[in-house]
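**Q** Sequence:
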Amino acid sequence: MTATRHLDVLGDVPTFLAWGSDDQIIPPAHHRELARRVPDVRAVELPGAGHFPHQTDADRLLPPLHDFLNHTAPYRYDATRWRGRLVSAP
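Per this note's numbering, the sequence shown starts with residue 19, numbered consecutively.
All clues given are correct.
Here are the in silico distance ranges between beta carbons for each label pair:
1. R99 - S39: 35 to 45 Å
2. S106 - P81: 33 to 43 Å
3. H48 - D85: 17 to 27 Å
4. G66 - R99: 35 to 45 Å
5. H69 - D96: 26 to 36 Å
6. T74 - R103: 29 to 39 Å
7. L87 - D26: 22 to 32 Å
8. P57 - L87: 17 to 27 Å
9. D96 - D40: 37 to 47 Å
The hints are simulated quantities; they were obtained by calculation from the structure and are not laboratory data.
What you are looking at is a predicted structure, and each value in this text was computed from that prediction instead of being measured.
We put the CB at the ideal spot given by N, CA and C, even for glycine.
Generate coordinates for the entire structure from the input sequences, incorporating the hints supplied.
**A** Set out below in structure tokens:
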């Protein structure tokens, strides 16, 4: 299963992506590929963390998440523009 065909839909949507290097459910290579393909993504890989870094490594996850939230302009949703993206998506 993959969502890579739909990544272009994200376009200019601010995206924060975090994963653990020891994730046994979704291999970290998948996260790294996603981070390479999404424009302007903020990607954080937590060494030694597993599939739920928000539960097991919140102390290491929160600083980069707070930085992302504090320094990223909010996305301005426009229904017409979003609908156009969805219709033209492969």
